[in-house]
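Colleague: Next come the chains, spelled out residue by residue.
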Amino acid sequence: MTVTSAPPQNTRLMRTLSVLRDVVSRPSGAIGLFLVVFHVVLALVSPWIVPYDYKAMNSAMMLTGPEATHWLGTDHLGRDVFTRVLLGGREALLVTGIATPIAVTWGGFVGILFGLIGGRIDEVLMRVVDAFLSLPWILKMLVLIVTFGTGVEVLIPTLAFFYGIPVIRIARAATHDVVARDFVSAARARGHSRMTIIRHELLPNVLDTLMVEGAMRWSWMLLAFSSLSFLGFGVSPPTPDWGLMIADARGFMSFAPWGVLGPVIALSSLIIGINLTADALAKALGIDRAQKAPV
Amino acid sequence: MTGPLIDIRDISVGFTGKSGATLPVLRNIDLKVNAGESIGIVGESGSGKSTLALAAMGYLKRGLRLMEGSVAFQGQDMFARTRTELEQIRGGELALIPQNSGQSLTPTLRIGAQLVEALRLHADVPEAQYSAKAIELLGQVRLPDPAAIMTRFPHELSGGQQQRAAIAMALAGEPTALLLDEPTTGLDVTTQAHILELLRDIARDRGMAMVYVSHDLGAIARVCDRVVVMYAGEVVLEGSTRQVLKTPIHPYARGLLASIPRLSDPRLPVALDGRPPAPGGAGQGCSFVDRCALAQDGCRTSRPDLERLPSGEAVRCFHYQEAHQLSLTGSGAIPASLDGASPSALHLDDLAISYRRPGLFDKVLGRDSAGVPTVNGIEITVAKGETLGLVGESGSGKSTILKAIAGLLPPSGGKITVAGGQALAPEVEHRSPDHLRKIQLIFQNPDDSLNPRQTIAQILEQPLKLYFGLTGDALHQRSADILDRVRLGAHYLDRLPSQLSGGEKQRVAIARAFAAEPDLVLCDEVTSALDVSVQAAVLDLLNDLKATQGTTYVFVSHDLAVVRALSDRVAVLYQGRLCELGPSADVYAMPSHPYTEVLLGAVLEPDPDTAPTLSADDVVELSPPAQGCPFQRRCPRKIGRICDTDTPPWQHGTQGHAIKCHHSIADLATAQAEGAAGQRA
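Chains A and B, in that order, are what the protein sequence lines are.
For the first sequence, position 220 (counting from the first letter as 1) is numbered 220 according to UniProt numbering, and the numbering increases by one without interruption.
For the second sequence, position 213 (counting from the first letter as 1) is numbered 213 according to UniProt numbering, and the numbering increases by one without interruption.
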């Protein structure tokens, strides 16, 4: 048989590039990706570009409005709000940036394993997962934080653990669709081990879903981290953090709204950016946004 | 009205490709359908036949647009009409019957309610008579007990019954023309034959025109007066059914006919090499030039026009007068076969498989809940180097048996033994590496059996690493060698399955199975998802591999002609029970078991002079009877109570030909001869 076809190409790289191009070509993807990249770059360089020391208090200038020297005004201790907003995402991005990949990895692995095993064991274990998800997240997290203390070394594993659980559901559902296909039967009939089947047959097909889910988890986790800070269980003062800043400034909101607005806009724009990127990514990958798990 | 009913004039339909260029799907098509006339549109997948049929309704799929030309129904332009006008016509005077009615019927509405809705929208019947009219329509499509069918939901009907219900809905608006898009594809052979007879009769009785789209020339031969052959979005040949199927004057039509396996021909069909150009891919010249045996330099530079001949035919070819030189029937290879007594490669000993697992209640009550097994009493020995064909309709358990041999579905009873008398562990997890390697399975649909995220190299490396521990250059070299053996080049290694055509994908799946150097290859409907011309090439490849590797095949298919082309012996299954077993030549020449007779009688040949014999109802049975003969409820030669109560014994004929029936082979031969004589008289 004579064969005429397109020339060979590096397929994996080509696909990654074409997905990236697709994301950027969508308005939501372009805006979202810009916001995310902007925040990440800012978090990396902000210590060297901020105009003031974030700890420097000034009792002569408390709760002053925006002006030329203090673009976003000052807080109740006379600290520059702009400086603190620029620095306020560092902690959140560091913690969630480490915890998200951990959550997606362990949740994804367990979900794929459940999906592959199937049958009664899968059903029983998933009911356990459901029961766990039915508890309010803040309650579960506070129990751990109160027991082990606040600090980053507790927050990262705590967030990674709790946010991995909804990933189990998504990974399992995606795996169920793949397990039913003949190429998995073919691998089983050849006699491959369970681990080989997970690595070579299932994971590459579930990875797209996991990536989108990971982005969604990241934005949820940012919100959770900020909420914990707001409640006083996250970052301890005087380290600047958006959640903490909102908590500190809300008492003066009626006459000094800039103290709240700055961190709120920063946090919102980052979360919106992540969500827009996740949406565009899901469309570019050809999967609909996975059903959001109750968190 | 004087002019043609449907008048398609010089239409071209296209879409905008990723590069921004307009890519044509249909190119300059003229088609006239007169009242009461039945026209068949044939072509391979992607030839534009469905697009053309839908364009006749004034409908184009999303993304497609009409570039030039016009479509008129009853003299009025369909693309110029308003939405309301189109709604009146569609489903009314011009009705569509889609391929899979199970999906086009609303799952949450009863058949009666759906029919009444069709009547309300399109029929000129007073409201009080809707029910009566609906029952009358269901009776006309020969559904048993129409009043009961009215209250059923679509999922409670079999595929054939759903298709009949869809036909009844189409008839509700008293259509003058019916568009049928592959209406019998996916149905069993006997059901298909019955539906086609029904359509023929209805069209004749009502003077209805039909536009019948299909890839199946056998079905076209049965229902159509005229045939239009499409290739790469063009009409390449048009003529009466007899002209097109008996003496086609276009090289493509001849190639297509030669690639169809025939029941009467023990040889393999001839493959049509190459593949059609993608939309926009046809160059300056004739779109068929790359695959044409008659192609000359002129064919590459200028595109032939559709030439109308005095005989009533129309052909798009410069060299149609030479087309008769090309062979029309299978002159392909003789199936490879090993003679003489060979040792057994596979023995199934009283194999039984049950899908039902005992539930909690059954365990508590200690009762045996397995009930009647899906597959039972399968006793077959396959000799080394032999090809055993397993045939039967859907639900006959043929794929289930393959899964059991492959270890994917543990049998509930019986034993599977391989060469050397070693029993196989029922579950794949407990089998020895040697056993695993020696048995390989090829699946029906390569889109499903090849991991879309793996390159061809990664797909082929899996068995090579697992069974032979190859790495590095040796691994790469072996992968390339194997691709070469299935007639694909090493440059395919870096591609993903989605970059290959259907036939190429199936070759990769075959290559993966043969990479293990197996003794026994299980083929599960391996050609069913492919176009006929590609199917012939895959059959040829399997035959070659068998000749060079000495592999034993168990070949499962619902297509009796395909099994005929490749098998040494054939086993006929009904409801998971064996009916007939014997050398292919004998079984096809003299089908003895009443079921085999019914099955072979219903096969459609691409020949307007043959007619199927419909000797039993096409009722689909969902579960086998608890006792007696599995075919008792449909058997045209039923004796009486003994068939209901006693499992039929093996009746032996010559050369290992045997049937499971209460009649003897000799008695059945006499009865068939009498029946044939009776029909002639």
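Where hints are given, some of them may not hold.
[Unchecked claim] Simulated pairs of lysine-lysine, DSS-like, Cα-Cα distance not exceeding 30 Å:
#1 B/K32 with B/K18
#2 B/K18 with A/K283
#3 B/K61 with B/K18
#4 A/K283 with B/K384
#5 B/K384 with B/K403
#6 B/K133 with B/K61
[To be verified] Here are some chain B residues the structure puts well away from chain A; computed CB gaps all over 12 Å:
#7 A35
#8 R65
#9 E461
#10 A509
#11 A516
#12 D519
#13 A547
[Unchecked claim] So, partial list: chain A residues that the calculated Cβ filter (under 10 Å) puts toward chain B:
#14 S185
#15 P204
#16 N205
Calculated directly from the structure, the hints in this document are not laboratory data.
Idealized CB from N, CA, C, for every residue including glycine.
Colleague: Are the hints correct? Go through all of them and say.
Modeller: Hint check results:
| no. | hint | verdict |
| --- | --- | --- |
| 1 | B/K32 with B/K18 | violated (34 Å) |
| 2 | B/K18 with A/K283 | holds (17 Å) |
| 3 | B/K61 with B/K18 | holds (17 Å) |
| 4 | A/K283 with B/K384 | violated (52 Å) |
| 5 | B/K384 with B/K403 | holds (20 Å) |
| 6 | B/K133 with B/K61 | violated (33 Å) |
| 7 | A35 | holds (45 Å) |
| 8 | R65 | holds (23 Å) |
| 9 | E461 | violated (9 Å) |
| 10 | A509 | violated (8 Å) |
| 11 | A516 | violated (7 Å) |
| 12 | D519 | holds (15 Å) |
| 13 | A547 | holds (18 Å) |
| 14 | S185 | holds (6 Å) |
| 15 | P204 | holds (4 Å) |
| 16 | N205 | holds (6 Å) |
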